[in-house]
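Participant: Sequence:
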Amino acid sequence: MRRSLVLLSAGLTVLSTGLASAQNNTPRNLILFIPDGLRALKVTPETAPAMAEVRDKGVNFKNPHSLFPTFTMANGSAMSTGHYLGDTGVFSNTIWTGYTSAPAGDTVVPFIENDAVLGDIDEHFKGDYLNEETILKMARDKGLSTAAIGKVGPTYQFDHTDKPEKAGLHSVVFDDSTGGKNGVALSDEVKDALTKAGLPTATPPRGDNSKAGDAKTPGTTVANVAQQAYFADVATKVVLPMFKARNKPFVLVFWSRDPDGTQHNQGDSLNQIMPGINGPSTMASIKNADNNLAQIRKALDELGLAASTNIMIQADHGFSTISKESKTSASAKVSYDDTPKDFLPMGFLALDLAKALELPLFDPNDKNAKIEGNKHPKAGNGVLGKDPTKPDLVVATNGGSDLIYLPNKDKKLAAKTIKVLLEQDYVSGLFVEDSLGRFPGTLPLSSINLRGKSATPTPSIVVNFRSYASDCGEAPTNCSVQVADTVLRQGQGMH
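Just so we're aligned, residue 747 is where the sequence shown starts under the numbering used here, counting upward by one.
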């Protein structure tokens, strides 16, 4: 049975001037502003004045939450369609597709924050991997002007079935790939407007903000300023003036990579829980996103659109500081060249399962190379079984939770796997595909709406990792720490 969402949010605030318009039947415009990974309690008049003003003068939803698994593409699919993940099939940022994706590097477990990968998945699932209509497509079909601007992956997801080469009205899409071979094509109208505004047709890179560091080198200490300034300029100097000139209602999605991107990569806390994601780099990234919102609001005022435009601020998920500690993991007792002693390596879940289940482990991101000795999977993902092309078990690594697929629907293997997982101190919640049966200490996927009409394969087991609150001196949700299966380091950020 399909179940749709009325509202979804990990921090939802709405500023509406709709009373007058409701009285005279004037159509409304909508801007959906998504500060990726923003924790609502970090917003104050001092840290983020523009967002705080919208919250305090508008409608503030005080007890929101994201969908689980709490990843960008998963929650982006819900925002863009109004459906739970059991319908959209976007169960995380990395999923098992059941086929080898060439744009993702010839792997069966693609990381899908990539326009070319999303196009490839669309092709393999009847032209629409979401299997649901998106809000921008619905708006576009009704004649509204539509645009999606910001972080690569979720931005394109809002109107991924649009074909710019075909005649008709199209969404304006700008993301990290714009101007490159994988970017969505820009119309001549948009290119001309960019030229008149003095803006390039290609999105600038993230620069130092993209540097995550390693076990010995801290990550970035700067926010994603230059790239997001470009996106904000595109929104305010190109898209909004264009939409005003068309003189019809519009929907604009602005997906701010910050604070998410900076919180992931920040170098304020290398291998240390404190300050974690509450250091100066994070605070700069929150202010960066806030500056983008302030610029958009100013443009609405100057264009005479403020009175007819609703603004929704809606984070896709919160954030936690990464822990790499475990006393039960066999993989944490092995020495690796790129991992501090006694810390969990990337791919620890696949490594621990392979050892406990006595199954060979292969790396789907390295031409199915066998993993042995003190090696770990390059991207953390693993295919387990005698034949890597016909695996018994697949691990899709994501961060604060991982996905396990059992391609053969083997109930005995499911039982063994769950037993192993429940013995690990890094495991929190376990959610199991309903058809595999009920197991003590677990909940069925249906209990959190991970069963539905998805086109992509449904996970057999979803593994949530342990979390706790540190003594950071703030509210518990601002002090959250979680074990994470990721290349990122203890002290950096994950969700």
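For the record, the hints were derived by calculation from the structure and aren't laboratory data.
Treat each hint with caution, since some may be false.
Unchecked claim - Below, simulated DSSO-like cross-link-like pairs (lysine-lysine); rule was C-alpha separation at most 27 Å, straight line:
1) LYS1073 with LYS1113
2) LYS1087 with LYS1132
3) LYS1136 with LYS1199
4) LYS1101 with LYS1121
Said to hold, decoys possible - Using C-beta positions, here's what the derived DEER-type ranges look like:
5) SER933 with SER1192: 21 to 31 Å
6) GLU1220 with ASP934: 45 to 55 Å
7) ASN771 with ASP960: 50 to 60 Å
8) SER1193 with SER1081: 14 to 24 Å
9) ASP1156 with SER1192: 15 to 25 Å
10) ALA1053 with PRO1186: 20 to 30 Å
11) SER1181 with ASP1133: 20 to 30 Å
12) ASP1156 with ASN993: 29 to 39 Å
13) ASP1133 with LYS1157: 43 to 53 Å
14) GLY1175 with LYS1087: 23 to 33 Å
15) LYS803 with PRO1026: 27 to 37 Å
16) GLY914 with THR947: 55 to 65 Å
17) ASP954 with LYS909: 34 to 44 Å
All C-beta atoms in this analysis are idealised placements derived from N, C-alpha and C, irrespective of residue type, glycine included.
Participant: Determine for every hint whether it applies to the structure shown.
Facilitator: The hints, checked one at a time:
no.	hint	verdict
1	LYS1073 with LYS1113	32 Å, violated
2	LYS1087 with LYS1132	30 Å, violated
3	LYS1136 with LYS1199	25 Å, holds
4	LYS1101 with LYS1121	13 Å, holds
5	SER933 with SER1192: 21 to 31 Å	43 Å, violated
6	GLU1220 with ASP934: 45 to 55 Å	50 Å, holds
7	ASN771 with ASP960: 50 to 60 Å	59 Å, holds
8	SER1193 with SER1081: 14 to 24 Å	40 Å, violated
9	ASP1156 with SER1192: 15 to 25 Å	20 Å, holds
10	ALA1053 with PRO1186: 20 to 30 Å	58 Å, violated
11	SER1181 with ASP1133: 20 to 30 Å	24 Å, holds
12	ASP1156 with ASN993: 29 to 39 Å	60 Å, violated
13	ASP1133 with LYS1157: 43 to 53 Å	20 Å, violated
14	GLY1175 with LYS1087: 23 to 33 Å	29 Å, holds
15	LYS803 with PRO1026: 27 to 37 Å	29 Å, holds
16	GLY914 with THR947: 55 to 65 Å	22 Å, violated
17	ASP954 with LYS909: 34 to 44 Å	36 Å, holds
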